[in-house]
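Please build the complete structure, drawing on both the sequences and the hints.
Residue numbers (my numbering), protein chains in the order written: chain A, 1 to 838; chain B, 1 to 125.
Derived by calculation from the structure, the hints in this document are not laboratory data.
What you are looking at is a predicted structure, and each value in this text was computed from that prediction instead of being measured.
It is possible that part of the hints are untrue.
[As the list claims (entries may be wrong)] Straight-line alpha carbon distances no greater than 25 Å define the calculated DMTMM-like cross-link-like pairs of lysine to aspartate or glutamate that follow:
no., chain 1, residue 1, chain 2, residue 2
1, A, K554, A, E566
2, A, K696, B, E104
3, A, K613, B, D60
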Amino acid sequence: MPAPTISSAIPIRRALALVLTFWTLLIAGSLFWNLWAEQRAMLHQVAIEAEANFEKDVAFRRWAAQQGGVYVPVSSQVKPNPYLAKLPERDLTTSSGRRLTLVNPAYMTRQVYELAARQYGIRGHITSSKPIRPENRPDRWESQALAAFSRGEKSCSTLSRIDGQPFFRFMRPFKVEQDCLGCHDSQGYRVGDVAGGVSISIPMAPYYAVRRAQFLTMGAWHFLIYLTGCGLLLWAGAIIRRRLLDNEHARRGLDLDRQRFEALFAIARRRGGPERELIDFALAESVRLSSSELGYFHFYHPDSQEIELYAWNAAARRDCGLTPAEIKTRYPLAETGVWTDCIRGLTPVIHNDLQTLPARQGCPAGHVAVFRHLGIPILEQGQARAVLGVANKPGPYTEDDILQLNLFAATLWELLKARRVEEELQGERQRLALFRELMEQSNDAVFIADPETGRILDVNLQACRSLGYDRETLLGLTVMDVDPQVTEVAVWQQRSQALRDKPNAIVVSEHRRRDGELFPVEIYASYLTHGGRGYVLGTVRDISDRRRAAEELKRYQTDLEGMVAERTAALNDKTLALERSQEALLYLLEDVNDSQRDLQAANQRLTELDRLKSMFIASMSHELRTPLNSIIGFSTILLNEWSGPLNPEQKTNQAIVLKNGQHLLALINDVIDLSKVEAGMIESSREEFDLDGLIKEAADGLRAEIGRKGLTLDAPDCRITLVNDRRRLLQCLINLLGNAVKFTDRGGITVQASLLAGERVAIVVRDTGIGIREEDQARLFAPFTRLDSNNSKYPGTGLGLYLSRKLALEVLGGEITVRSLPGEGSVFTITIPQRRRT
Amino acid sequence: MNPRALVIEDNPDNLRLIAYALNRSGYEVLSAASGEQGVELAIRERPSFIVMDIMLPGIDGIEATRRIRGAGLNYPVPIIAMTSYALRGDRERIMAAGCNGYLEKPINPLQVVAEIMEIVRAIPD
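If you want it as structure tokens, here you go:
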């Protein structure tokens, strides 16, 4: 099964990304909000501190104002206030001589501020828009605040910098109070006026330090939480993913199991049908479910250690380059390669990289390429009996595949065994039925009896018929009831015992019919053992007929002897007469012998004659034609001016020589042919040829003469194919055509061929010549007949028609006939079979 | 160098006739007057083709053909028989002995070379 990929993995990742993003945003948001809150808290605290400071200062200053000021001893720090110079009791001296001076509230506050600033950094500043002392002038920030106060603002507080350091500055306006007027009335203030303000500046550094620490802590914690959160999310994500993967895996597994079961059921359901079909089906399923390309199923014979090739799947058969003839059916195990390792090792074997193995062989050239292979041996009682193999799965074979195919192979084997058993059983049943049938149909009576008790256990139809009992009754009887010679059980037991020692015996006895009639029988008895029990089987034949026949025979014999005696006497007389005749015969024989000798001599002479005839023909052929070869040949050479130019007279003379030479050759050829035909030694050939071509060839040779005489030749196509002796047919046709041309002075000649019934062909040569008289037609085909013997106008050998007809008869298997009217022309017809058989 | 033909023929007139035709077609003609001589020449001279008369003194044309075929020449020399076409079975014997074709006597000098070429051309490679 391929590694599962989850289609739902993508949403997982996306969801995870989404959650992580959200988490990040959440944490970041929290951090920032916290930081901002901290900041605000800090500011709030600072504001409170500032305000508290301010109030405290106001309280102190108010008290001082209520007292009208305080007297403090004069020191380096506290000098009499010049701005109070006009007050009468600015300076006092105590009774002990200590000098006291009045410190106005503002002065006091100022002093305190200076102290405070030194002591813990908080700065205070009394200021006014109309300052009395120049040091009370407002700085820029305070000016702005004062301006705001005059606009009606109640307080001002901001973060600001003083000398580069961060401070929280807080300022409130100072309203004139009654008590203030005690010293400040000269400035034109009224109660409720804004006299100025006091700004408190609180150094932020410590706050910032705290804030930094808080920020760091906050940040650190947030970061920690964030990381933890991320970690948890990722872990959760991984778990979910794993869970989904497992689900997918399980689903695939279930799917495959389902397919397996379906395939197994399909295999099991196929128990009917031929064995090969079953195996082919199981093979195809194995290949399919293991996602393989090829598969095979072969038997193994452990006794001979041979593999018997049996089946391949469709793809293997198709792709195999070997013809069925090249594949041996049996291979010794030793000759096969690694694909049978599973048989040697008696365990399934996977080869996922077959091409790399050095020892692979057993695949003859033309075998389809195998790069992955799984072999499953089918075992029976510890021996391999068959092998199921699949090959060329796209991915590697796994334990899963082994499991699956083992199951298939095991199921298949069980089915095969079951089928074989059933077949055997079926065969047994049929044999049994047949046997029963035979027994029933037998013409002899068949009994089966118990050897101990003599009880008749089984009988056939004939047995019942021969004894006249019905089957049921007969089965209740014993041998003693049926055979009078077996008088009692003891006798029977003796006989059984004898049979046991000598298994087959023929006993002549008697049987008693139901009505008491006895008849002689011959019993072929045998002793059988079956299923641990013994049985006596008897085939009983009624031999009454035989007895009767024997008696008749004896009677005939006696008669015959009497006849023989009579005949012997007659024979003696005849013998004497015969002897006398014999003598006469002997004389005759001598004469016959003489004649025979004469006959033999004559035969020999005839044979010799025949031989001479052949030799004559052969040598005459050769001897007569040889000189003609030279005559014709050299005439041709001379006539064609190969030896030099000729003058017209020489040419004429030479042409005469050539023409006569050719004529002589024609004569000789005819004579030789004739000899052959007469001697029955004419050779004939048989070939398929086109009749139109033959007619054309015959006509071509005569065209010159036809043209010279001004005749027409008409030879329409017939489109007939013949199977016969082309050469001889050509000869006949040339002869007929030649005659037609010879005996026609005006008009024309037609050659027409047509098919007749009975697969015969008629070739008709028609001319408009002088015709033939009826009385001449009779001897037309006789040898050496020339109808115009004295007329040298028509040269010829007188043999043409005779020979042509002979050829037509002997060689072509046909006939030549003629119809003619003097003055109107002649019609010669060659009739031959279209396809000659011999 | 003209191509060469071997003619095995004991009748000098016939030989002259066929040599005439072959010469005119550009062949140089080697000749032998007996079967044995013919076989020897065939093996030694390796002609382009052989014209073999069937009727020869000593071994006949059939036997001579067999011997030439059995001599193990490294090229399939065409052998054309010359026969008077006398008796049944002659043709079969000629072809069975190893001839590639035959010419019927009388020889027509005007056509004989064309006929020989036809036979030679028809020999399968």
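Hint check results:
With a C-alpha separation of about 19 Å, the suggested pair A:K554 and A:E566 falls inside the 25 Å cut-off, and the hint holds. Proximity of A:K696 to B:E104 is assessed by CA-CA distance (about 22 Å); at most 25 Å being required, the pair is judged to hold. For the hint linking A:K613 to B:D60, the alpha-carbon distance of about 21 Å falls within 25 Å, and the restraint holds.
In summary, this structure violates none of the numbered hints.
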